[in-house]
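Visitor: Assemble the complex: chain A is given as a structure, and chains B, C and D must be docked to it using the hints.
Protein chains: 4
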Amino acid sequence: MRSDIERIGKRLFAEGLLCGSFGNMSVRSGNGFFITRSGSYLDVPGTPVYVPMEGDVPEHASGEYRVHRATYGITNHQAIVHAHPPHAVACSLACDRIVPVDAEGMLLAPLIPVVGGACGSDDLAEQVAGALNVYRVVVARGHGTFTAGENLDEAYILTSLAEHSCRILFLTGSAGRR
Amino acid sequence: MRSDIERIGKRLFAEGLLCGSFGNMSVRSGNGFFITRSGSYLDVPGTPVYVPMEGDVPEHASGEYRVHRATYGITNHQAIVHAHPPHAVACSLACDRIVPVDAEGMLLAPLIPVVGGACGSDDLAEQVAGALNVYRVVVARGHGTFTAGENLDEAYILTSLAEHSCRILFLTGSAGRR
Amino acid sequence: MRSDIERIGKRLFAEGLLCGSFGNMSVRSGNGFFITRSGSYLDVPGTPVYVPMEGDVPEHASGEYRVHRATYGITNHQAIVHAHPPHAVACSLACDRIVPVDAEGMLLAPLIPVVGGACGSDDLAEQVAGALNVYRVVVARGHGTFTAGENLDEAYILTSLAEHSCRILFLTGSAGRR
Amino acid sequence: MRSDIERIGKRLFAEGLLCGSFGNMSVRSGNGFFITRSGSYLDVPGTPVYVPMEGDVPEHASGEYRVHRATYGITNHQAIVHAHPPHAVACSLACDRIVPVDAEGMLLAPLIPVVGGACGSDDLAEQVAGALNVYRVVVARGHGTFTAGENLDEAYILTSLAEHSCRILFLTGSAGRR
Numbered sequence: 001m002r003s004d005i006e007r008i009g010k011r012l013f014a015e016g017l018l019c020g021s022f023g024n025m026s027v028r029s030g031n032g033f034f035i036t037r038s039g040s041y042l043d044v045p046g047t048p049v050y051v052p053m054e055g056d057v058p059e060h061a062s063g064e065y066r067v068h069r070a071t072y073g074i075t076n077h078q079a080i081v082h083a084h085p086p087h088a089v090a091c092s093l094a095c096d097r098i099v100p101v102d103a104e105g106m107l108l109a110p111l112i113p114v115v116g117g118a119c120g121s122d123d124l125a126e127q128v129a130g131a132l133n134v135y136r137v138v139v140a141r142g143h144g145t146f147t148a149g150e151n152l153d154e155a156y157i158l159t160s161l162a163e164h165s166c167r168i169l170f171l172t173g174s175a176g177r178r
Numbered sequence: 001m002r003s004d005i006e007r008i009g010k011r012l013f014a015e016g017l018l019c020g021s022f023g024n025m026s027v028r029s030g031n032g033f034f035i036t037r038s039g040s041y042l043d044v045p046g047t048p049v050y051v052p053m054e055g056d057v058p059e060h061a062s063g064e065y066r067v068h069r070a071t072y073g074i075t076n077h078q079a080i081v082h083a084h085p086p087h088a089v090a091c092s093l094a095c096d097r098i099v100p101v102d103a104e105g106m107l108l109a110p111l112i113p114v115v116g117g118a119c120g121s122d123d124l125a126e127q128v129a130g131a132l133n134v135y136r137v138v139v140a141r142g143h144g145t146f147t148a149g150e151n152l153d154e155a156y157i158l159t160s161l162a163e164h165s166c167r168i169l170f171l172t173g174s175a176g177r178r
Numbered sequence: 001m002r003s004d005i006e007r008i009g010k011r012l013f014a015e016g017l018l019c020g021s022f023g024n025m026s027v028r029s030g031n032g033f034f035i036t037r038s039g040s041y042l043d044v045p046g047t048p049v050y051v052p053m054e055g056d057v058p059e060h061a062s063g064e065y066r067v068h069r070a071t072y073g074i075t076n077h078q079a080i081v082h083a084h085p086p087h088a089v090a091c092s093l094a095c096d097r098i099v100p101v102d103a104e105g106m107l108l109a110p111l112i113p114v115v116g117g118a119c120g121s122d123d124l125a126e127q128v129a130g131a132l133n134v135y136r137v138v139v140a141r142g143h144g145t146f147t148a149g150e151n152l153d154e155a156y157i158l159t160s161l162a163e164h165s166c167r168i169l170f171l172t173g174s175a176g177r178r
Numbered sequence: 001m002r003s004d005i006e007r008i009g010k011r012l013f014a015e016g017l018l019c020g021s022f023g024n025m026s027v028r029s030g031n032g033f034f035i036t037r038s039g040s041y042l043d044v045p046g047t048p049v050y051v052p053m054e055g056d057v058p059e060h061a062s063g064e065y066r067v068h069r070a071t072y073g074i075t076n077h078q079a080i081v082h083a084h085p086p087h088a089v090a091c092s093l094a095c096d097r098i099v100p101v102d103a104e105g106m107l108l109a110p111l112i113p114v115v116g117g118a119c120g121s122d123d124l125a126e127q128v129a130g131a132l133n134v135y136r137v138v139v140a141r142g143h144g145t146f147t148a149g150e151n152l153d154e155a156y157i158l159t160s161l162a163e164h165s166c167r168i169l170f171l172t173g174s175a176g177r178r
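Residue numbers (the numbering used here), protein chains in the order written: chain A, 1 to 178; chain B, 1 to 178; chain C, 1 to 178; chain D, 1 to 178.
Treat the hints as calculated values from the structure; they're not laboratory data. Check each hint, because a few of them may be wrong.
To be verified - Partial selection, computed: residues in chain C whose CB lies under 10 Å from chain A:
1. Glu15
2. Ala94
3. Thr159
4. Ser160
5. Phe170
6. Gly173
Note that beta-carbon positions come from the ideal geometry of N, C-alpha and C, so glycine has one too.
Here chain A stands alone, though its shape is the one from the complex (with noise of 0.2 Å):
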């Protein structure tokens, strides 16, 4: 599952989906979830971290896994991949939900809901957990893409797929209409 994960992130990188080392993603594994460790760089991401659904998180996990952990309590998703893709961020600053114009945006993801709330906080958990327990993909307010599937190559390509639906709307000065 490492190798998965640094396959995805080194394709995540070289999309331009990632800066930094911003970012985060986990597999569903038994009563918890492996994520990637806190500060590190997805396409280097080193051994994931073991959270359990309940009590205390180790200290090296990613501090977005409030997120992981609610989402995968409410929903049957298998993966989850958090990026910053910048024309997706982008979009969400001009609308409340995103409505791609592309074939395969209408297609796989063809109403892409923004979510709000603080990075790192239990609100920004709630709501991006709703959401994906309705839809695969939904962007949280300026600040990234949250995807979700039954593996990590399914929850990558939706991250893929809503960043390229979200440029051809900037490209089509669509962006920001409903």
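Guide: The following block gives chains B, C and D in isolation, referenced to the frame of chain A:
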């Protein structure tokens, strides 16, 4: 041929002409063609799948095989590349045909038709094949480029060129004008 | 330390935060600092050059050593990265201070000062050092970012973050407004 | 020299200054120059071809050899790089000369002339050579940059710089103004 597919896939990915696992490519062979696998990343494509010109299609062939089959059926092209270059996709939402203003585009793809048709439909297949019978580059509206040529390199170069030309159109404010 | 410089240089180059052989970085050591070589590519930097806090400067030290010396002289920073991120440079031409609107920017660099001063001048050195005594990110107008921190990773992450924040400002049409 | 060509080609490709197999470069040698092969990818260029200053040109030499020959004929430059940086190409369609507003551009290429001439023509060769006799960077309108210097690194760095300067012009809304 598998190594050619991988080599071209890596170039397409490095140039930002793909997103996630979208896009596909094929090479004509005998009375059929080898096509990339459904859901594969084009930069690590694995073994391509042989699709005959008629009859059943193997399970793992790219879902876009209809476009490739229809194109090989009515043209002499030997290879086809389908990608999702962002500026070409955005251009196709703003106009019915793309007219490059840069020197290479004017020389090698002076008129790029835009066609309709839903992803994976026979309608799309017919429209793309019809366009590729006359041109070497076509954009499926809001979806992506289909380029064809003597070999994968030729088709890839046209994909890269089309995106370059469309980017210049956007930068110069000419996209959407005719 | 040389391997850290090369590792960070490769990240900066891959993220598009450098162009050609421009940019430089340094790490404090004893009563001076190691700085990248004049004219070197930061992703293949070669052996860094030791510059003492006072006195003669070795021939091959980056011409920007004045900024680094002045900054180490009046701050406690341990490492400095100077890059040319395009959106940050463009932002600096439009305003006197950059105020991020994205979540990470608001958290980690809520106000990014813009300073003047000609390339390689003592004026630039003084202005950048003064700003880095209060902030961890500063943009030299029309020139590039200077970021500082406990180590090269921290400075690099702030460079990447500043560019991300400025890109969001441009995408949302907020660049130049205050 | 072949390894220098490949090293610089890889940098140009990684920075997004090339598309497909377009672009070429050369290094003066004796009474002629080595130039990249026609149709080769500059990041995997293969063996360069020797072109004498007068007389027949080997079959596989880049079709743009006329520009290189004319430039070496009337200047002292030792190396030439021709690339297709998108913002420089777009700028050249909007104005007759490019005046950078960023610090590095103002220092190293304060005025970048734009010239005309069809791809592969003697007219283009003459105009580019004439401009490179005075400047180190020139843009062929709607086509690409030609940069020259003491060696390939110098020419490459000017290519990268020109694109950076033109990108800043676009971001700040100054492209096309004079």
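Visitor: Work down the list of hints and note, for each, if the structure agrees.
Guide: Status of the hints after comparison with the structure:
no., hint, result
1, Glu15, "holds, 7 Å"
2, Ala94, "violated, 17 Å"
3, Thr159, "holds, 8 Å"
4, Ser160, "holds, 4 Å"
5, Phe170, "holds, 8 Å"
6, Gly173, "holds, 9 Å"
The structure fails hint 2 only (numbered hints given earlier).
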